[in-house]
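Q: Okay, here's what each chain looks like letter by letter:
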Amino acid sequence: MSEDSIKRISPLISIILGLLLGYLLLLLVGYDGNSGFKYLFQGGIKGITEGKYRRIGDTLAQMTPLMLTGASVAFAFRTGLFNIGASGQMLFGGFVAVLVGITVDLPPVILPLVATLLAGVAGGLYGFLPGYLKAKYNIHEVVIGIMMNYVSVYLVQYLVKILIPGKYVIESAHIPKEASLKMSFISNIFRGSPLNAGFFVGVIALIVIYVILEKTTFGFELKAVGFNKDAAKYSGMKVNKNIIYSMMISGCLAGLAGATFYIGYTNHIKLGTVPTLGFDGIAVSLLGKNSPIGIFFSSFLFGYLKNGGSFMASSTDIPRELVDIVIAIIIYFSAISFVIEKFLNKLLVKMKKEGK
Amino acid sequence: MLKIIIDVMPYAIMVMIPMFITALGGLVSERSGIVNIALEGMMVVGGFTSTMFVYYYEPILGNTMAIWLSLILAGVVTGSFAMIHGYASITLNADQVISATALNIVAPAITIFLARKMTGSQNVNLQTGVPRIDVPILSDIPVIGPMFFKSFYMSTVVVLLIGLAVWYVIFKTKFGLRLRACGENPHSADSNGINVFKMRYIAVFISGALSGIGGAVFILTVSKEFSGTVAGLGFLSLGALIFGKWKVSNVLYATFFFGFMKTLGNVASVNKDLRSLGLPMELYNVLPYAMTILALVLFSKNTVGPKAAGQPYDKGKR
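Chains as they are written, first to last, in my numbering: chain A, 1 to 356; chain B, 1 to 318.
It is worth saying that the hints were derived from the structure and are not from the lab. All of these numbers come straight from a predicted model, not from anything done at the bench. Do not rely on the hints blindly, as some may be mistaken.
To be verified - Calculated lysine to aspartate or glutamate pairs in the DMTMM-like style (CA-CA distance at most 20 Å, straight line): (1) A:Lys161 to B:Asp314; (2) B:Lys301 to B:Asp314; (3) B:Lys307 to B:Asp95; (4) A:Lys38 to A:Glu354; (5) A:Lys177 to A:Asp230; (6) B:Lys272 to B:Asp7; (7) A:Lys352 to A:Asp4; (8) A:Lys270 to B:Asp7; (9) A:Lys346 to A:Asp105; (10) A:Lys223 to B:Glu184; (11) A:Lys289 to B:Asp95; (12) A:Lys352 to A:Glu341; (13) A:Lys7 to B:Asp273; (14) A:Lys229 to B:Asp134; (15) B:Lys3 to B:Glu184; (16) B:Lys3 to B:Asp273; (17) B:Lys315 to B:Glu184; (18) A:Lys342 to B:Asp314; (19) A:Lys342 to B:Asp95; (20) B:Lys117 to A:Glu178; (21) A:Lys241 to A:Asp230; (22) B:Lys150 to B:Glu58; (23) B:Lys117 to A:Glu341; (24) A:Lys289 to A:Glu341; (25) B:Lys150 to B:Asp134; (26) B:Lys117 to B:Asp7; (27) B:Lys150 to B:Asp140; (28) A:Lys342 to A:Asp4; (29) B:Lys272 to B:Glu282.
As the list claims (entries may be wrong) - Residues of chain B clear of chain A, computed beta-carbon distances all greater than 12 Å: (30) Ile6; (31) Arg132; (32) Val248; (33) Lys301.
Claimed, not checked - Below, a sample of chain A positions facing chain B; criterion: calculated Cβ distance under 8 Å: (34) Leu117; (35) Leu118; (36) Val121; (37) Ile139; (38) Met147; (39) Val151; (40) Tyr154.
Just so it is clear, CB atoms sit at the ideal spot from N, CA and C, and this is done for glycine as well.
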């Protein structure tokens, strides 16, 4: 085992510790941990071997926005920025998608596509301000991001009320069927699961950011800024411009997440709350070590756990919040992953010595 | 106009008080060099602790006793909860924003989880809370009386006194000077014999305790019900801390302003006089956040916050 493979297994250790502590919590509080975890693990894939794809479809549906918010947070991370504002960008992008879906008249298939793209643009524009303020005034993007999340909540609430009010004051109008990212051929395969074309949007986005980050000069510059701002500046890169671009692309990905969620998963917007999926994106990106492939797997894991959590909650008396607890523990261990890595390295050195 | 202010004032103060003490929690932590964006989560934990204590012990101890004890307990429990953040960011030098995010996610999850286990529901209603009183004599003064002394909470006085104490300890004592030194220049603090790690741990504990009390006061006065959330008040407190330039008196004004705006937003659609102004409720609600962003831009020319906030203390670095 090398140092590289240690870096690769440390996320697994975070997951195992998260699940283990979740399990201990169940026992400690007096729940039946074994049956709880049985349902938790079964719920996300049950029936897959018998050709019943409903549950795996649900898992992939849960995974879809996470893939994109995870990509959003990760993209910013690579440039050394912490996009805690993904939630707000997602909500704003989602609002634009819903607005387009309701008010614009276009042929089916084209309409959801246009709505999704415009959601990405809207999210990108929403990401401009934190990027600009960071570049121009060196203001920490985290505080701006938090404030912008709430600005987004009230802005969207106001715009929904005057433009697309719903039947109840707490929600927007529902989008027409033609505007939805739900495609009948997908729904047929997965037996009415809310899985939708947003999944492909997510996969394509991951591929695109892989290409940008690994195969282009632009991506190299972004990463260089993330590694060492001063060195990047010294070698002639336009650091400030890159910070703004990075934040806007990150916002764009969050906006796409909003589209997949609001015109794919649900078909309206619930007003007055910050969507938590943006924060889950932080977990996804950390666990996936900010790489597109890692994000794919970690978003699958969280989608799987969330879906399994619902199944567990309906089959036992264990609250579904257990899953959020496990996710939070995983974030915590990811935050201190280098401590785990250091420990493993020490262990490795020791084992090698004894081996000789 | 004056009538609107008189009507709104008691509610504005009610909303302001939990924000004020929570922002003070943020102040203590950030002054020592540890950024604390987990104020929201800590408020939730404090609110939960206090709710549960009052829920079970009010019948035995009586209202007054149960409420004051619950505030103390909320402080102790949340202070301990904050140590999770402290351990990651002080001892392990982890990214302070990430570990705080973990706390923000785990707080509503674990409290709802426990509330469901204990009471069977994620919403725990309290019959009472901190009682409201009309202060004798003072509440009869015209204008000022109904603004400040009618339907008055004792917890308001307690929180303001705590504010005074925080100001005194942080800005007027040797201990406070040392704590602030850790947030400005930990290396020179260390070379002067100050134990930076210890100071920061103490600061994070106090930070948790104060925000926990903030969350408890929120539940016991504003919401009267625990449901796993403090409605973004923790993040708003963080905004107030920045808006108030990390100074106690300014934070007091900032939280008052934010509380006032928040209240206007809440009553905009109900209050006749406000409705005649025709402004959307969202405008009042969004102002505190927008003004925090504006404040950051205005302050950005000269750094006003603690210089070393957010940076782990590495002894070998210079």
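Q: Could you run down the list of hints and mark each one as holding or not?
A: Here is what the structure says about each hint:
Between Lys161 of chain A and Asp314 of chain B, the direct Cα distance comes to roughly 51 Å. Violation of the 20 Å bound is thereby established for this hinted pair. The suggested pairing of Lys301 of chain B with Asp314 of chain B is violated, with an alpha-carbon distance near 27 Å, which exceeds 20 Å. With a CA separation close to 17 Å, the supplied pair Lys307 of chain B and Asp95 of chain B stays within the 20 Å bound. About 40 Å separates the Cα atoms of Lys38 of chain A and Glu354 of chain A, which puts this hinted pair outside 20 Å; it is violated.
Of the supplied pair hints, the one linking Lys177 of chain A and Asp230 of chain A is violated, its CA atoms being roughly 51 Å apart against a limit of 20 Å. Restraint check: the Cα-Cα separation between Lys272 of chain B and Asp7 of chain B comes to about 11 Å, which is no more than 20 Å; the hinted pair holds. At roughly 16 Å between alpha-carbon atoms, Lys352 of chain A and Asp4 of chain A fall within 20 Å of each other, so this suggested pair holds. A distance of roughly 31 Å separates the Cα atoms of Lys270 of chain A and Asp7 of chain B; the hinted pair therefore is violated under the 20 Å criterion.
Taking the CA atoms of Lys346 of chain A and Asp105 of chain A, the gap is about 63 Å. The hint is violated against a cut of 20 Å. Under the criterion of a C-alpha separation no larger than 20 Å, the hint pairing Lys223 of chain A with Glu184 of chain B is inconsistent with the structure, at around 30 Å. As the CA atoms of Lys289 of chain A and Asp95 of chain B are separated by approximately 14 Å, the hinted pair is consistent with the 20 Å bound. Under the criterion of a C-alpha separation no larger than 20 Å, the hint pairing Lys352 of chain A with Glu341 of chain A is consistent with the structure, at around 16 Å.
Taking the CA atoms of Lys7 of chain A and Asp273 of chain B, the gap is near 62 Å; set against the 20 Å cutoff, the hint is violated. A hinted pair counts as satisfied when its Cα atoms are at most 20 Å apart, and Lys229 of chain A with Asp134 of chain B does not qualify at roughly 59 Å. For the proposed pair Lys3 of chain B and Glu184 of chain B, the alpha carbon gap of about 45 Å is over 20 Å, so the pair is violated. A threshold of 20 Å between alpha carbons decides the hint, and for Lys3 of chain B with Asp273 of chain B the separation of about 8 Å falls inside it, so the pair holds.
Between Lys315 of chain B and Glu184 of chain B the CA atoms are separated by roughly 15 Å; this keeps the pair inside 20 Å, and the hint holds. Under the criterion of a C-alpha separation no larger than 20 Å, the hint pairing Lys342 of chain A with Asp314 of chain B is consistent with the structure, at around 16 Å. This hinted pair checks out: Lys342 of chain A and Asp95 of chain B have alpha carbons roughly 16 Å apart, not beyond 20 Å. Among the hinted pairs, Lys117 of chain B with Glu178 of chain A is inconsistent with the structure: their alpha-carbon atoms are about 43 Å apart, more than 20 Å.
The hinted pair formed by Lys241 of chain A and Asp230 of chain A meets the criterion: a straight-line CA distance of about 14 Å does not exceed 20 Å. Of the pairs offered as hints, the one joining Lys150 of chain B and Glu58 of chain B is violated, with about 25 Å between alpha carbons and a cut-off of 20 Å exceeded. A hinted pair counts as satisfied when its Cα atoms are at most 20 Å apart, and Lys117 of chain B with Glu341 of chain A does not qualify at roughly 36 Å. Annotation: proposed proximity of Lys289 of chain A to Glu341 of chain A holds, straight-line Cα distance about 13 Å (limit 20 Å).
Of the pairs offered as hints, the one joining Lys150 of chain B and Asp134 of chain B holds, with about 4 Å between alpha carbons and a cut-off of 20 Å not exceeded. For the proposed pair Lys117 of chain B and Asp7 of chain B, the alpha carbon gap of about 40 Å is over 20 Å, so the pair is violated. For the suggested pair Lys150 of chain B and Asp140 of chain B, the alpha carbons sit about 9 Å apart, so the restraint of at most 20 Å is met. Between the alpha carbons of Lys342 of chain A and Asp4 of chain A the distance comes to roughly 12 Å, so the proposed pair stays at or under 20 Å and holds.
Between Lys272 of chain B and Glu282 of chain B the CA atoms are separated by roughly 17 Å; this keeps the pair inside 20 Å, and the hint holds. No beta-carbon of chain A is positioned within 12 Å of the beta-carbon of Ile6 of chain B; the least distance is around 26 Å. With a least CB separation of 27 Å from chain A, Arg132 of chain B remains clear of the 12 Å interface cut-off, as annotated. Residue placement check: Val248 of chain B keeps its beta carbon more than 12 Å from all beta carbons of chain A (closest about 20 Å).
Its beta-carbon lying about 8 Å from the closest one in chain A, Lys301 of chain B breaks the requirement of being farther than 12 Å from that chain. The interface hint given for Leu117 of chain A is violated, since its Cβ lies 27 Å from the closest Cβ of chain B, which is over the 8 Å cut-off. Residue-level restraint check for Leu118 of chain A is violated (minimum Cβ-Cβ distance to chain B is 23 Å; threshold 8 Å). Hint on Val121 of chain A is violated. Least Cβ distance to chain B is approximately 22 Å, over the 8 Å limit.
For Ile139 of chain A, the suggested interface contact is upheld, since its CB lies about 5 Å from the closest CB of chain B, less than 8 Å. At its closest, the beta carbon of Met147 of chain A sits 4 Å from a beta carbon of chain B; the interface hint therefore holds under the 8 Å criterion. At a threshold of 8 Å, the smallest CB-CB gap from Val151 of chain A to chain B is about 5 Å, leaving the interface hint in force. Interface hint status for Tyr154 of chain A: upheld, as the beta-carbon distance to the closest one in chain B is roughly 4 Å, under 8 Å.
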